[in-house]
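2 protein chains.
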Amino acid sequence: MNNWLINGEAGDAIKIDDRAVQYGDGLFETIAIRCAEPRFWPLHFERLQNGCARLSLGAPDEAQLKHELHMALQISGADPEFAVAKIIITAGQGPRGYRRPRDCTNTRMVRVFASRPRPRSDYENGVAVTRCQTRLAQQPQLAGIKTLNRLEQVLGQNELHDTEFAEGLMLDTDDRLVCGTMSNVFLVKKNKVYTPAITRCGVSGVMRRKIIEIMEARHIEYEVIDIGRDTVSSADELFLSNSQFGLLPVRQYEETRFAAGEQTLRIMRALVEQGVTESSA
Amino acid sequence: MNNWLINGEAGDAIKIDDRAVQYGDGLFETIAIRCAEPRFWPLHFERLQNGCARLSLGAPDEAQLKHELHMALQISGADPEFAVAKIIITAGQGPRGYRRPRDCTNTRMVRVFASRPRPRSDYENGVAVTRCQTRLAQQPQLAGIKTLNRLEQVLGQNELHDTEFAEGLMLDTDDRLVCGTMSNVFLVKKNKVYTPAITRCGVSGVMRRKIIEIMEARHIEYEVIDIGRDTVSSADELFLSNSQFGLLPVRQYEETRFAAGEQTLRIMRALVEQGVTESSA
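Sequence lines, in order, name chains A and B.
According to our numbering, the stretch in the first sequence is residues 1 to 281, in order.
According to our numbering, the stretch in the second sequence is residues 1001 to 1281, in order.
Below, simulated BS3-like cross-link-like pairs (lysine-lysine); rule was C-alpha separation at most 27 Å, straight line:
id, chain 1, residue 1, chain 2, residue 2
1, A, K86, A, K15
2, B, K1015, B, K1066
3, B, K1015, A, K66
4, A, K15, A, K66
5, A, K15, B, K1066
6, A, K15, B, K1015
7, B, K1066, B, K1086
8, A, K15, B, K1086
9, A, K86, B, K1015
It should be emphasised that the hints constitute simulated quantities derived from the structure, not laboratory data.
Produce the entire structure from the sequences given, and follow the hints as far as they go.
And the structure:
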């Protein structure tokens, strides 16, 4: 099962002295593979670059990563029409201690996994979501990027065991709605779209960015803004985004039921035109 | 260099699919080895147990871990009189995705490293410390335990590159003093000792607990309390603790100089009696 490429070599293990193992000192990207290509690659690479700069890690080499994505796809045996790639960039090996050595060299890991689209009914009828008890701590220095420190998301997802909820929405420690454990969230009220600001915590999702681009281009009124927990239940429409499933309407959140309304459907159709074909209701 | 024991077997690598690599889903302990034994083992094991419970990880087996510590010491070639052990417990391997599989089994890693005491002058004259720009996010669910999500400490320590500071003190996002990047902090004012509460962030250090035990036993007046950033400069004495160096007096923090005063010396002497012999000024 040597399906990972580690610095370009097939393998399935890394050194325990790697700073990813010791401290979660690194970043990752999860990228949809469609038609044998990484979808929205420029946005994923930009976030990875931005994350490396924020953590003072060496800059990743774009051509090398793209080459390795194609190699990883070949060795994976996954369907090139519908798969998912994961890239991990770490601060590399080092001696014991939080401080990075001066001469550390990134470790680069790439793998492609088989994947399946969600059931059509999820897009047609929407999914049910809940609210996680686990909160997101506010850390502006790490907000937006996808670091390997993901315990809050793990604890949030673990809350969903034995439930039928497709996602858990997460609040920050000041009761603001931020995102789902693995998605961004949008709500619609009187035809205007709102999505939480990702300035204190949360991940700035590639699909979220794509949706914002679409709203800009199509003059859909929207606002990136702090959203209190109680605002959600007064929304007319609610939907989630992530790079794998595209856009998913929410049909129920706690006591509140939503219709997949006009704005949600409009953005779904626009996404389909941009290649997010799984998002068609 | 197969100095790690991985689930009891010598090696130096773990599977990339281990959740430590993917999400930092696990815990660690760093333990002083003195006279071929892990010092204050019951306190380290208790914190590890507590951390496993908080993260819903399987409980570690105490006898097995102690046995592996002794094995790791033997294969390390380190001086059994003065070395340092690291234990890492992870949520084990799993498929892609934040949610832990139902049947996950902890991965257990143990290694002993050679170590050296700090220079005597650090204990006699105190060390100079600075304040990190990196803040600690407030996350009560993870406060106190030693998870593998340690990017804040990494960024804090990286700030100390090219400085002569022995440690960087860290504030939380509300300007409270919490701890150093790798130590706990105590200040003394009018002979009373104060140490920050570890309820929102920070690690509840074993040496900190030992010092609190000593203050209880010797009727030294103390308080565990929130401490604002400006309180530090008005302190009479300031000192740091961690499991490796014991207690280190601080001689300078930002513009403020401190003497290694009466209470600091009293606690240092008490620690020496408890086996923390490196802490003698």
